[in-house]
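Visitor: When we follow the working numbering, the leftmost residue of the sequence shown carries the number 1, and every step to the right adds one.
For the record, the hints were derived by calculation from the structure and aren't laboratory data.
Incorrect hints may have been included.
Computed cross-link-like contacts, DMTMM-like style, restricted to lysine to aspartate or glutamate with a CA-CA straight-line distance of at most 25 angstroms [claimed, not checked]:
1. Lys164 - Glu81
2. Lys165 - Glu186
3. Lys187 - Asp37
4. Lys164 - Glu191
5. Lys225 - Glu171
6. Lys161 - Glu57
7. Lys91 - Glu108
8. Lys83 - Asp97
9. Lys178 - Asp30
10. Lys34 - Asp15
11. Lys34 - Glu191
12. Lys241 - Glu204
13. Lys91 - Glu171
14. Lys68 - Glu43
15. Lys187 - Asp221
16. Lys178 - Glu228
17. Lys129 - Glu90
18. Lys78 - Asp15
19. Lys68 - Asp37
20. Lys95 - Glu183
21. Lys95 - Asp17
22. Lys45 - Glu29
23. Lys78 - Asp146
24. Lys78 - Glu42
25. Lys165 - Asp37
26. Lys83 - Asp17
27. Lys91 - Asp30
Listed next, with one range per pair, are the computed distances between beta-carbon atoms [what the hints assert, rightly or not]:
28. Lys100 - Glu183: 37 to 47 angstroms
29. Ser14 - Glu186: 22 to 32 angstroms
30. Lys165 - Val246: 30 to 40 angstroms
31. Glu228 - Ala111: 45 to 55 angstroms
32. Trp82 - Glu228: 45 to 55 angstroms
33. Thr54 - Val246: 48 to 58 angstroms
34. Ile192 - Arg127: 47 to 57 angstroms
35. Val246 - Ile192: 37 to 47 angstroms
36. Glu50 - Pro98: 49 to 59 angstroms
37. Arg179 - Gly139: 36 to 46 angstroms
38. Glu42 - Lys83: 10 to 20 angstroms
39. Glu186 - Glu50: 19 to 29 angstroms
Quick reminder that beta carbons are idealized off the backbone N, C-alpha and C, glycines included.
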Amino acid sequence: MSIADVEKGVVEISDGDFLLVDYIAAVKEDGEEKVFDTTVEEEAKKAGLEIERTEPELVIVGEGLLLKSVEEELKKAKIGEWKEIVLPPEKAFGKRDPNKIIIVPARELFAQRITPRAGEEITFRHRGKSLRGKIITVGGGRVIIDTNHPLAGKTIVYRVKVLKKLETVGEKIKALLKRWIHEHAEKAKIEITDKILTISLPLELLMANNIGIIINAFARDVEKKIEEVEVLNIRFSYTFKKPKEVKEEEPEQEKDDVQEGNEESSQPQ
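Just need the whole structure built from these sequences, with the hints factored in.
Guide: Structure representation (structure tokens):
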């Protein structure tokens with residue numbers, strides 16, 4: 001890569017690279033676009049989306065967090081510049097498949113504690129597989145469910161901006177940690193010595209739901225994606241400082257009385 005490329009914001013991006021990315025994803029129909037996902041708070045508000053966190057996303061190229069077609073285009077992106085990617089259905093969520101519209105006995109859903117109602121999206125098991133789909137009709141003891149992806153058959157437009165390529169081990173670990181424990185990552189202490197990674201987490205995390213599963217998932221991420229780490233230690237830290245005990249001094253009058261008493265007792269009888 002030339003110096004001119006670096007000055008233009010061009011960096012080499014390949015599979016396994018850690019990127020911080022902003023994106024806006026929209027469905028394009030009849031010349032109009034409707035945003036369905038974004039990391040940009042203003043865009044989420046404009047689209048009326050209720051997204052818990054709007055912040056740059058950690059994308060590990062080739063991991064599959066974004067569509068494969070989008071991740072391939074990221075390899076050609078320039079740091080700090082928006083890039084528009086238009087994906088036809090076959091490169092996005094696939095074409096609609098009529099074979100994915102299935103008929104399921106209502107009793108099969110009742111057995112899974114699912115009350116079928118037209119228009120609802122459900123996750124269910126059918127013939128040994130876990131499926132998700134939208135109920136089209138209910139009647140005669142049968143339920144017709146469309147298990148196509150909700151965006152199947154749609155043209156998708158992605159606008160992506162690579163904010164930063166993470167280079168150091170510390171940056172990558174902190175980004176992975178933030179992916180799993182979010183704002184709590186700011187309170188974590190990270191130390192790396194001789195390929196041994198030690199992370200001290202705030203005690204408040206012990207109260208989080210499924211914390212064991214979350215920590216295990218983070219550990220697996222480090223094991224698979226951070227070659228520089230061979231040993232991982234995770235601990236919860238509780239910091240306190242005991243107040244110093246202050247000895248109360250005797251009143252001055254009492255001190256004088258004691259001294260006088262000592263003098264009297266020292267005189268010969």
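Visitor: Quick check: which numbered hints come out false for this structure?
Guide: Hints 3, 7, 8, 9, 10, 11, 13, 20, 21, 23, 30, 32 and 36 contradicted; others consistent.
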